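Mind docking these for me? Both chains are given alone in their own frames, and the hints should help you get the complex.
Spelled out from the first residue to the last, the chains are:
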Amino acid sequence: MIESFWSKFFRFYVPLIIFVIFLLFPFYWMFNTSLKPMKELYNLKLNPFYVHQPTLENMKTLLFDTIFLRWMYNTFFVAILSTAISLGASLLAAYAIQRLKFKTSGPTGLAIFFGYLIPPTILFIPLATIIFDLRLWDSLWSLVLTYPTFLIPFCTWLLMGYFKSIPKEMEECAMIDGASRLRVFWRIVIPLCLPGIFSAGIFAFTLSWNEFLYALAFISTTESKTVPIGLVTELVRGDVYHWGPLMTGALLASVPVALVYSFFVEHYVAGLTGALKE
Amino acid sequence: MQIQAEERGWLRLRNAFSTLMENRNFLGFLLVIPAEAILFIFLAYPFILGLWLGFTDTVIGRKGDFIGVGNYVSLLKDSTFWLVTYNTFLYTIVAVLFKAILGFVLAIILNRDFKAKGLVRAIILLPWIIPTALSAIVFWWLYDSTFSAISWSLIKMGLINHKIDFLGDPTNARISLIVANVWRGIPFFTIGLLAGLQTIDPTLYEAAAIDGAGSWKRFRRITLPLILPLLAVITTFSTIWTFGDFQLVWVITKGGPANATHLFGTLSFQRAIPGGHFGEGAAISNFILPILVLCVLISFKYLKRED
Numbered sequence: 001m002i003e004s005f006w007s008k009f010f011r012f013y014v015p016l017i018i019f020v021i022f023l024l025f026p027f028y029w030m031f032n033t034s035l036k037p038m039k040e041l042y043n044l045k046l047n048p049f050y051v052h053q054p055t056l057e058n059m060k061t062l063l064f065d066t067i068f069l070r071w072m073y074n075t076f077f078v079a080i081l082s083t084a085i086s087l088g089a090s091l092l093a094a095y096a097i098q099r100l101k102f103k104t105s106g107p108t109g110l111a112i113f114f115g116y117l118i119p120p121t122i123l124f125i126p127l128a129t130i131i132f133d134l135r136l137w138d139s140l141w142s143l144v145l146t147y148p149t150f151l152i153p154f155c156t157w158l159l160m161g162y163f164k165s166i167p168k169e170m171e172e173c174a175m176i177d178g179a180s181r182l183r184v185f186w187r188i189v190i191p192l193c194l195p196g197i198f199s200a201g202i203f204a205f206t207l208s209w210n211e212f213l214y215a216l217a218f219i220s221t222t223e224s225k226t227v228p229i230g231l232v233t234e235l236v237r238g239d240v241y242h243w244g245p246l247m248t249g250a251l252l253a254s255v256p257v258a259l260v261y262s263f264f265v266e267h268y269v270a271g272l273t274g275a276l277k278e
Numbered sequence: 001m002q003i004q005a006e007e008r009g010w011l012r013l014r015n016a017f018s019t020l021m022e023n024r025n026f027l028g029f030l031l032v033i034p035a036e037a038i039l040f041i042f043l044a045y046p047f048i049l050g051l052w053l054g055f056t057d058t059v060i061g062r063k064g065d066f067i068g069v070g071n072y073v074s075l076l077k078d079s080t081f082w083l084v085t086y087n088t089f090l091y092t093i094v095a096v097l098f099k100a101i102l103g104f105v106l107a108i109i110l111n112r113d114f115k116a117k118g119l120v121r122a123i124i125l126l127p128w129i130i131p132t133a134l135s136a137i138v139f140w141w142l143y144d145s146t147f148s149a150i151s152w153s154l155i156k157m158g159l160i161n162h163k164i165d166f167l168g169d170p171t172n173a174r175i176s177l178i179v180a181n182v183w184r185g186i187p188f189f190t191i192g193l194l195a196g197l198q199t200i201d202p203t204l205y206e207a208a209a210i211d212g213a214g215s216w217k218r219f220r221r222i223t224l225p226l227i228l229p230l231l232a233v234i235t236t237f238s239t240i241w242t243f244g245d246f247q248l249v250w251v252i253t254k255g256g257p258a259n260a261t262h263l264f265g266t267l268s269f270q271r272a273i274p275g276g277h278f279g280e281g282a283a284i285s286n287f288i289l290p291i292l293v294l295c296v297l298i299s300f301k302y303l304k305r306e307d
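Chains as they are written, first to last, in this note's numbering: chain A, 1 to 278; chain B, 1 to 307.
BS3-like cross-link-like pairs, simulated, lysine-lysine; straight-line CA separation at most 25 Å:
{"hint": "1", "chain 1": "B", "residue 1": "Lys-217", "chain 2": "A", "residue 2": "Lys-8"}
{"hint": "2", "chain 1": "A", "residue 1": "Lys-39", "chain 2": "B", "residue 2": "Lys-163"}
{"hint": "3", "chain 1": "B", "residue 1": "Lys-163", "chain 2": "B", "residue 2": "Lys-254"}
{"hint": "4", "chain 1": "A", "residue 1": "Lys-45", "chain 2": "B", "residue 2": "Lys-156"}
{"hint": "5", "chain 1": "A", "residue 1": "Lys-168", "chain 2": "A", "residue 2": "Lys-103"}
{"hint": "6", "chain 1": "A", "residue 1": "Lys-39", "chain 2": "B", "residue 2": "Lys-156"}
FYI, nobody ran anything at the bench for these hints, they're computed from the structure. Everything numeric in this text was worked out from a predicted model, so none of it was measured.
Just chain B, same shape as in the assembly (with noise of 0.2 Å):
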């Protein structure tokens, strides 16, 4: 009897159990559980963890004590953190300029059909799937004082007389990385815009010439204001990315000359690694935030209205 008893209990308890499973509230939650555990311990935590150490004087290995404001007040007196938003706000205004032009100037002259199309729109991706840190090697030899393969060109074409020192002047070694980074970038332009720019009806082309519209109010007229909330996405992504670049500069400069190429993601890591004082790099990097939060409220209202 109690044998019986026991096992309509279980067998209870497993009805019970598939009814569950098949409540899409409690599933949903379920399933859902393994992913956010990781982000919550790995990402959300961190972040949290992030803000909190920027108030502290954390260096490795030994838990820091709370001092207020202390870390910002002494980083907003330090000539080389100003120096450092300026360095961060140049490369990113001026890569991402460049990055949206050009890409979205080989977008256009991609949207058209030829005969090696899809390998043309492979081989383009390339500078965006090879690891950055290797093709920042590449960057870095083509940016050699002594042995540059481009100050080797510009000699024998003559258009200069002496080699170029690519890294060891402060405007030299900006515009260098900035062009690593717009190389970069362009390809993910340029797929992300074609995919929409080849959505667009060219029935609206047809219509707008037979109107006389010339090529350039073609463009101005419909491909500009059909693309601009997908370019507003993309721009975004890459403005958040290009603000928080870390490895191009870390691989080709270090930060030098004279701190001239530093950004916040390099001073930070400079100052909390192999400088050990976590406390102060934390509140170097919180310097992100703002623009993070800027930029996530901006694509969040365009990827609203495209829903």
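Looking at chain A on its own, in the form it has when it is part of the complex (with noise of 0.2 Å):
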């Protein structure tokens, strides 16, 4: 069908273009902010979808007068070893539940499944309870521990359908060869599997470094917050709101993200509309 380049135009690209600026406006307007002195964010007379006079000063506020990075660092800390301990557990999941297919595998498989679905505002208050009686309370350690609750639920999902793409064959093989279950599963499914394992990886993280309620709920001390959270709680006191230095804060934390995601975007969207077609 040939359209003719009116009708493309109005019907295609004038509502991308419209799309395409609604989603992407608020990071521009991050960005925008963060580059602007003080005095010209409260002059009205000025056009604010411009800067006049750029400046690094709201970073320099950032970066020396609060302990942004010191929040970078717990959030990595958190963000690594939550996705290493549920990539761990997932793995070994999802191979039992894919491959091996032991007795209880369908209700197991479909219990991690549900797991995913039952959101955090149900869960903090009784975590709270919980990581209080494990005297983990305002200790990054109450994170690592409750992240896994969302990331294993979603990273098993994920490698299940990643097994069920790769053809058992070479598993069968080698275990008519003689190489134990466990020996198959090391040298065979993991390499094999590397790509599904790594869109887990990288989802999980961006999903820890994303968490707001638990990180809320558990952590009290400045020192032990993460990026989200410092940000929105120490940057605004009382009626102040620093909102130089809170754009440059969204803009630095959300940096990590968006270098993960751009470098891999494409197991990005190969891992969400796979585990969405499961």
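Take a look at the structure:
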């Protein structure tokens, strides 16, 4: 079907551009505000869409007057550890459910899947009492231990889909040659599944980087906060909003996620759509 | 002699162990233990504990006593709670509806070949990838009552003559939050539905076009029925997340003005963490459960059908 230029223009380009502007505008705004000096932020005569005198003053305030870098470190620490724990546990579970097909593998898989549907909003209060009893209150370990509750269901689900997509023949051949199941798992399944493990890993990393509710509920000391919590609770003091440093912080804290994302965007899309189709 | 016997015994044990490791049921059971242990301690147990806490008067730092349906009775008498119930339903229904419609429209727009397809698809997922708390800060700043860029632009265009009080007025605050939620949720719908649209055989459309079906009819009779199961699953997920939403509201309005934007999630947080009333907070968040169960049943039905 050949469509005229104008028809394509109005039915495709115009709506597409409107959507892209709508979806990207907040990021532009983050960037724009982070470069503005204080007096420009609060000058209503100037056009706010344009930075008249770009400055790094906000960056300086953020890095030297707050413990932003400490928050970044905390977030990394929690994201990496919880991702590692979840990946390990999910890999074993997904292999067992999808490949070994043991007696209760069906119900087990389903139970893990339902785990993903329980929102943190229901869990954070009982979890808070458990964390309190475990004496992990205000410790980053409370997050390392609770993040796997949403990471494991997600990773297991994603990896089960991946296991389904790779052929069984190689594993069967190795087993005929006398390799044990564990050896097959270690030497054949894991290397074959690296791309799948990888997408599960980057997903898990972003999910824990983004987590908000548990970190807000379980952590109260300034030094132990993660980036999103630190920014929202420490840079707003009473009625004083430090918009410049806030936006700079939002921008910098988005960078690790955006970088991971931009390098592995195909893994993301494949992971998301794969997980949905399963 | 004894040493030999010992060695033989050990060997037998090792053989028995490796035979056991070849047993699918045993090995399968063994391999799921780490995942199940974590999920049991930090997911299943708190889930049950949450149901129990709702029937107690637990406050922070002290074990509470069983008080039956006391929390629920006092909540049902609390006008704030009814307002919050209304808010949560309004927020969920309107936001999910807009996310589904706009996400679907964008998926249809993108479901064709054009030059920068990969790039556009990558850009579109950004609102979903970037930490919500951080993008919520941007919305918060955009909704500032004095320095909002939105007000500034509308005034310059001559559409309004005084600044909009985005977060100070109940209706405005609700709309503002829904817009932020829709912004964040569109990508999930679009990318998910796009994957579904790409699996539809294009010859179906060609055949329909030859038979004289217009584009609306093709959408109604081909696209919609084929995409419906996937749309149902995505909508279910989105409904659960939106119904249990917390961070957008907490960052942008903290439930204000006058509780007009409090959801179950934010109200239970407020009563439980700063307020210290764990029992009451748990009771509030337990109101999310019926919707959750309903959604799980729906998604389960559609997932089954696809198998």
